[in-house]
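*Asks:* Sequence:
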Amino acid sequence: MYRTLSCRIMAPVWRYNSLVTKLKRIALPKRFNSDAVVLSSCSLQQKRSLSCQTWYDDICQSEIVKAAENTLINVHDTVGLSWWCCILTSTIILRTVITLPLAIYSHHVLARLANLGPEAKELNRLLQAETALAKQKLNLSQKDAIALYKYSLKKRISELTERENCHPAKATITTFAQVPLWISFSLAIRNISESSFKGAYALQSFQYEGFLQISNLALPDPIYVVPVLVCIINLVNIELYCLRSNMPQFGWNRALTNGLRLATVMLLPVAAIAPSGVTLYWLGSALTAITQNLLLMSPRFRRACRIPQTEKE
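First residue of the sequence shown? That's 5 in our numbering, and the numbers climb one at a time after it.
These are calculated hints, taken from the structure and not from any lab test.
We treat Cβ as the ideally placed atom computed from N, Cα and C, and that holds for glycine.
What follows is a set of in silico ranges between Cβ atoms, one per label pair, in the way DEER data are often shown:
1) I177 x A267: 16 to 24 Å
2) T82 x D62: 26 to 34 Å
3) I102 x D62: 21 to 29 Å
4) N262 x V79: 35 to 43 Å
5) F201 x P105: 31 to 39 Å
In silico lysine-lysine, DSSO-like type, Cα no more than 30 Å apart, as pairs:
6) K159 x K316
7) K159 x K174
8) K125 x K158
9) K174 x K158
10) K125 x K141
11) K174 x K125
12) K316 x K154
Using the sequences and the accompanying hints, generate a full structural model.
*Replies:* So, in structure tokens, the structure goes:
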């Protein structure tokens, strides 16, 4: 009787204990799984940050960046110029030799494209008349007529640009060709700046061969004069490009122009913390670009380069 009574009394306790045990078995794996998910997400973020850092370091140590770095060092050691003068001189020479011919080619393309304007307008008028006639004869809806007109116009304009070899995308060759050059020399000067801090005796002169407020080219500009000038001059360059391009500002061309404006403004905080040697290179590059743009707006220089004359000119 005692055993029966004790069993009846202890039965709810056993059931409670078994229920708690089952809940723990169910809950513990979930807790461990959630911890594992948190740990895996943290490790994934660390791997991503490490991969980005590795990717950046690989670019900084790439062959093209090393070639740009060695070029600057050899010019400095051979010619005997101070570092600030060496950076500006190298920038002017490189942009004149590499980007000026590409800019002249771009203007050839833009001029031929601009001279297609009257023919394209006449073609547009004829296609509108043909579309209206086809709409009446074939009993087309307004939507189908517009689709037919757009398709025909796109095809005929493509034939015109192919005939004159002046596709608008060719006019952007200067922009895309100078990007690798700009990145390579920016990273090369950044490497020289870091090497001067790491005790490289041959590059310690980088810290005192500056001028005015940027006497130490390995440190940022303390009063932000150079970064602000870089931003302003680049914005002026973009507006000059829009004025002289003879291209309508819509579609992909408008998107490219707005993208360049946004990138220029976003570059300002980067320039504020970058070594002043890097921002000095950016300033020299921007000044050379604005000089080239003004030169390419001169009719005499354009005729010397055999760039076709346009109505806008």
